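Using the sequences and the accompanying hints, generate a full structural model.
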Amino acid sequence: MLQVRCIALLLSSMALMIGCEYEEQFEIDRSAKSDGADLSEYSEYCDAESECTQAPQPTKNRCVFFLGFDGSGVYSPDTNTAVGTFYKMVPGPAAQGANGKRAGSVNADTTRAYIEGVPSLPFGSSAERVTRGLSAVCQHLEKRPEPCDIILMGYSRGSVIANHVAKALNEEGCTPSGKHRGTEIAFFGSFDPVINEMGFEWKNFSGVSQGWTTTVPGNVKRFQQVYKKQLSDPRWGLGAILKSSPHDDDNVESSCSSALDSGDHPDGEDWHHGEIGHYSLPQNIVQCSLAQHGIAVETPICSDCEDENGDGWGWDSDNERSCRISKHCN
Numbered sequence: 014m015l016q017v018r019c020i021a022l023l024l025s026s027m028a029l030m031i032g033c034e035y036e037e038q039f040e041i042d043r044s045a046k047s048d049g050a051d052l053s054e055y056s057e058y059c060d061a062e063s064e065c066t067q068a069p070q071p072t073k074n075r076c077v078f079f080l081g082f083d084g085s086g087v088y089s090p091d092t093n094t095a096v097g098t099f100y101k102m103v104p105g106p107a108a109q110g111a112n113g114k115r116a117g118s119v120n121a122d123t124t125r126a127y128i129e130g131v132p133s134l135p136f137g138s139s140a141e142r143v144t145r146g147l148s149a150v151c152q153h154l155e156k157r158p159e160p161c162d163i164i165l166m167g168y169s170r171g172s173v174i175a176n177h178v179a180k181a182l183n184e185e186g187c188t189p190s191g192k193h194r195g196t197e198i199a200f201f202g203s204f205d206p207v208i209n210e211m212g213f214e215w216k217n218f219s220g221v222s223q224g225w226t227t228t229v230p231g232n233v234k235r236f237q238q239v240y241k242k243q244l245s246d247p248r249w250g251l252g253a254i255l256k257s258s259p260h261d262d263d264n265v266e267s268s269c270s271s272a273l274d275s276g277d278h279p280d281g282e283d284w285h286h287g288e289i290g291h292y293s294l295p296q297n298i299v300q301c302s303l304a305q306h307g308i309a310v311e312t313p314i315c316s317d318c319e320d321e322n323g324d325g326w327g328w329d330s331d332n333e334r335s336c337r338i339s340k341h342c343n
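Per this note's numbering, the sequence shown starts with residue 14, numbered consecutively.
Worth flagging that the hints you see were computed from the coordinates, not collected in a lab.
Among the clues, some could well be false.
Stated by the list, open to error - Quick list of the computed label-pair ranges, beta carbon to beta carbon:
id	residue 1	residue 2	range
1	Asp320	Lys242	24 to 34 Å
2	Ser190	Ala121	18 to 28 Å
3	Gln109	Glu214	27 to 37 Å
Unchecked claim - Straight line, CA to CA, 20 Å or less: simulated PhoX-like cross-link-like pairs of lysine-lysine:
id	residue 1	residue 2
4	Lys156	Lys192
5	Lys216	Lys192
6	Lys216	Lys234
Just so it is clear, the structure is predicted and the values come from calculations on it, not from any experiment.
Yeah, the Cβ is synthetic: ideal placement off N, Cα and C, and Gly gets one too.
Here's what the structure looks like:
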């Protein structure tokens, strides 16, 4: 397949400047895990380039439902990873859960859900995270009169789990009868996927175990992955445990990959797994790819107060996408 350069252009349209309108609503982590770059400088998020199998295919971007899966081990409770940062950028109500789990009940107006990582070996609850992720997407599909663009994002083993949610939706749907089977995933963003030590496999509605895979299913229409080019982690004892397992993206209509080497690193070193998940360049690459594909996380406000279903959502006929009913409407 012809390789084209997925070179990002600075976008002048505020409709595509992801998060600009809402940058005051979240704070960037300034811990030692960060490389110090200011992610609020959105004018520079399109400086990176990636190898693409297809030129980016824009979406109409009706609205966004974001579902993020974080990594395992020391990164599991860390919402300041790339995935956690994107989750906090998306405006609107978050899914409500219990016992500290932030992906449970999804309502019609829910715009985002976050599924925490698994804290330690063995990572046996990976299958449970697939179930919760699939449930969140299916609740969204059931409760929204016009479903939003579904964005999946994952870091480390969370990327493999996000991929499995897309696969389950593509092959199984939301019910044993196959309701919503094949639903489109508008965008899947992956940070340094790791497939080893995944734990118990997810079982479908027939009780058949489904093996873990990095092959992206065909219902994913737009895909961007960022991973360390040398694959093995450079830190002693972690080379194999945190070895990158890039996704096979042959089934995706528009797909871009960024393999980062020492020339891309702020200190001229080989990237390690934690840096892919926390440093600004990987986040900027994915943010750039979202913009290239015409996906903006902000939700437009309706120009009128017509709320046909009484759920707080309307329809922007000029741009053919959902919109949120203004709080000023009675």
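Each hint tested on the structure:
1. Range check, Asp320 to Lys242: Cβ separation about 50 Å, and the 24 to 34 Å hint is violated.
2. At roughly 23 Å, the beta-carbon separation of Ser190 and Ala121 lies within the given 18 to 28 Å, and the hint holds.
3. Remark: the range hint 27 to 37 Å for Gln109 to Glu214 is upheld by a beta-carbon distance near 28 Å.
4. Using a Cα cut-off of 20 Å, the hinted pair Lys156 and Lys192 holds, with the two alpha carbons roughly 14 Å apart.
5. In summary, the hint linking Lys216 to Lys192 is supported, as the alpha carbons are separated by about 17 Å, within the 20 Å threshold.
6. For the given pair, Lys216 sits about 25 Å from Lys234 by alpha-carbon distance, which is inconsistent with the 20 Å threshold.
Hints 1 and 6, counting from the list given before, are not met by this structure.
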